[in-house]
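*Asks:* Respectively, the protein sequence lines represent chains L and H. Residue 1 is where the first sequence starts when you use the numbering used here, and the numbers rise one by one after that. Residue 1 is where the second sequence starts when you use the numbering used here, and the numbers rise one by one after that.
The hints are simulated quantities; they were obtained by calculation from the structure and are not laboratory data. A few of these clues could be false.
As the list claims (entries may be wrong) - Facing chain H, from chain L, some residues (calculated, C-beta under 7 Å):
1. M60
2. L144
3. S147
All C-beta atoms in this analysis are idealised placements derived from N, C-alpha and C, irrespective of residue type, glycine included.
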Amino acid sequence: MQDLIDAILDGDISRVLSELRKLTVQDIRPEQIIKNGIESAVEFLNDKCSIDSFNLLEIMLVTRAIMTIIQELYPEGPPSSQLKSTIVIATLEGNIHDIGKNIVKIILKAKGYRVIDCGKDCSNEHLISTAQQNSASALFVSGLITSIIPNVQKIKDLLEKENLSHIKVVAGGAALKMASPEFLKVDYVAETVFDGLNYMEQLQKV
Amino acid sequence: MNSIERIIKVVGFNQADRVPVIAQVFGHAAVVANVPLDEYLQDGGLVARCQIDAWEQYDYDSVFALLDVCVETEALGSRLEFRKDIYPLIKKYAMADTSEIDSFSIPNPKKAGRMPELLKAAKILRNTLGKEVLVVGCALGPMTLTLQLLGAERALYLAIDDPDTFSGLLDFSVEVCVKFSVEQIKAGVHLPVIFEPAASPAVIPAPFFREFLLPRLQKIFRELKNVGSLATWLHIAGPTTPILPYYNDLGADIINIDYYIDPSEAQNKCPNLCINGNIKPLSFITEKPSDIKTMSKTLLGLFKKRGGYILSSGCELPLESKPENIKAMVLSVRE
Chain L
1 MQDLIDAILD GDISRVLSEL RKLTVQDIRP EQIIKNGIES AVEFLNDKCS IDSFNLLEIM
61 LVTRAIMTII QELYPEGPPS SQLKSTIVIA TLEGNIHDIG KNIVKIILKA KGYRVIDCGK
121 DCSNEHLIST AQQNSASALF VSGLITSIIP NVQKIKDLLE KENLSHIKVV AGGAALKMAS
181 PEFLKVDYVA ETVFDGLNYM EQLQKV
Chain H
1 MNSIERIIKV VGFNQADRVP VIAQVFGHAA VVANVPLDEY LQDGGLVARC QIDAWEQYDY
61 DSVFALLDVC VETEALGSRL EFRKDIYPLI KKYAMADTSE IDSFSIPNPK KAGRMPELLK
121 AAKILRNTLG KEVLVVGCAL GPMTLTLQLL GAERALYLAI DDPDTFSGLL DFSVEVCVKF
181 SVEQIKAGVH LPVIFEPAAS PAVIPAPFFR EFLLPRLQKI FRELKNVGSL ATWLHIAGPT
241 TPILPYYNDL GADIINIDYY IDPSEAQNKC PNLCINGNIK PLSFITEKPS DIKTMSKTLL
301 GLFKKRGGYI LSSGCELPLE SKPENIKAMV LSVRE
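Excised from the complex, chain H in its bound form:
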């Protein structure tokens, strides 16, 4: 059974040969290859090469055609600053004034900013590993992109002071998300993860999620299924317990849970969804392989009866993660 077959089985709550393991190795792939992060993030070919090298080193079930959370906002006009060893910083937000929204058009992923680099990475990864290994892309969810267009503080106040304009921005962001996701699937990803950290209950209350985001995420996942996404995956980090019940209605097949979340509670609240998580990301820097193995085994035990589970960290693995810790997590599903 290869990684893709394994993940399809598990998403459908069917028996697989073992539990899949997805290490959320994004920029860490550059670090282990001794490639400066700023170069990695601006070169799809380099992303593919480093992701392939990391996969060969760690032997997990998925690789990522993923750059950073600034790809869409840059494509829409935000100005970024790249530094050698950290993710880019937004120096100027695309939308200085919300009245400008009508002058914005959905970016063409084949031309705008670094979107073509992500598509290039997707194509190489699919051609090189894609018959056996899951190739995952990434698009920002509407809340996160809206915050990236305006700046978080301005966007959140806008949500309260002018909900109609805010809703318009969310709708625009949904269109960006769908178009970028569709192009990623055409380029070769099996599925794009919808990355929506700003929808965490740490940022907005649960009723806000229900009113503003639930219908929009439903629309995104519907569109992804229509264009043949192998599965749909929502990734929200942080303390998501209050919004877990809404996940059942999203149309997502896989949900991510961060280290804050009690896995048993997530199982109870989302009985039919495949769960991905949830080792504390910082543990991959601070702990020893034996600790990671223990945490992995605990999670595997908790999900043994239920199935529908992918072993992973709660969020992205830190750039500085110790390789021996990632190996310990990956090995734990094979022992």
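The shape of chain L in the complex, shown without the other chains:
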């Protein structure tokens, strides 16, 4: 399994596929590959990123490797019985830069969450109706520009109006992470993808 983890962390797709084949030939079950391979790689990355060496390119290569494994193991998507809670994710209206959001989506999926992606340039209304329809436990919103802040500040009130105030709101991205949760009126501001993931993992334990 360590060879698979190393290949994931190197972002080397051909080695990832080769190591994955070796494991499946040995009848290692997909759940074990997810838990001991993908999740271990994510943990390693989590530790590395927490010591101030985070860059988008490196994370993109790892997430591409992770997606390759998940698609190989579950061409139709992971069985719903194995999934944790549902998270709705979006880059908000007026913002089309969504690499960060796509990475968060993959990391959350790799850790077993069901993720509904509302895409980029997403309105608050679409975000909230999607959360309602999918019984989401959290909304992850991101943005690179400060112009979206007024929209972020409205989300909790809109959720409350729909009797959805139990849904947690997590904000991230260059513009939003400059601000405090109080200013943005959200439950949590994530400094990095792993910070957001750790927040969700803590909620799962409660």
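Fit chain H to the supplied structure of chain L, relying on the hints for placement.
*Replies:* Just chain H now, with coordinates in the frame of chain L:
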């Protein structure tokens, strides 16, 4: 001493009458003039008028002939969508396929897209304020333009999967940057800031910067000096600490540091470069003038002995910045 003389002194680590202050007022100039941002960004005359009005209101040391980060990619064929109160969105990237690179030619800044509008703004600003106030233009650095041509995700994967093609795109972007910068200088800017946010260590690791971008940025700054740029200025936002040592070899005179960066560390790592920064941009929305004054005074104190410093925000001032906060920063250099 006027603003230009002051900045020249400070860039050369000589004594000036006071520390220069550059508020990075770009689109905010439209907001304070009650002009819709989409109109501002498509009309060089309006840019100049709003920049002049903002300068009269705030009295800082520089104005900007600068539209947004989509000017070059639009000139090369990207399709944009303009909305009233936000910067434009790229709806379709210029380069659908990297094999198309050979069919792309360097755009003519006098004709392509909104490049002529930026040149128009530069000319008016130079004629109106340019004897006393620094007129700054803007060109995207090669990494940022490459990402704007392909879309960031595709461009970054290309860097790993096909580094030769990626390098070709960077070289093409260098040519675009140089040609646009040269035309801006001819039109009247004293210097164009080279805006390269995609080269931040938040996006790429430091060795990538060293291998792919250092030599290309060196080439750009060499060319700018050859055509008489008053000084050279590199602007990379985000957590740039890991690449600060490379800044010494770029040929840039002024470097921008964002709010993430410890100013003392930047001083130590770049002892001979003029530093511009680094109040947190969001503070201009969330804080009070007294807070901005305190932050400004702290920075002025940190750089007092060293010199080579321009008081500024870490990046662009948000559109919704409170005018009283910008005034507080500007006043702090005069008290």
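*Asks:* All hints, please: hold or fail.
*Replies:* These are the hints, each one checked on the structure:
Hint on L:M60 holds. Least Cβ distance to chain H is approximately 6 Å, under the 7 Å limit. With 7 Å as the threshold, the beta carbon of L:L144 stays out of range of chain H, its nearest partner Cβ sitting at about 9 Å, so the hint is violated. At a threshold of 7 Å, the smallest CB-CB gap from L:S147 to chain H is about 5 Å, leaving the interface hint in force.
Of the numbered hints given earlier, the model fails hint 2 alone.
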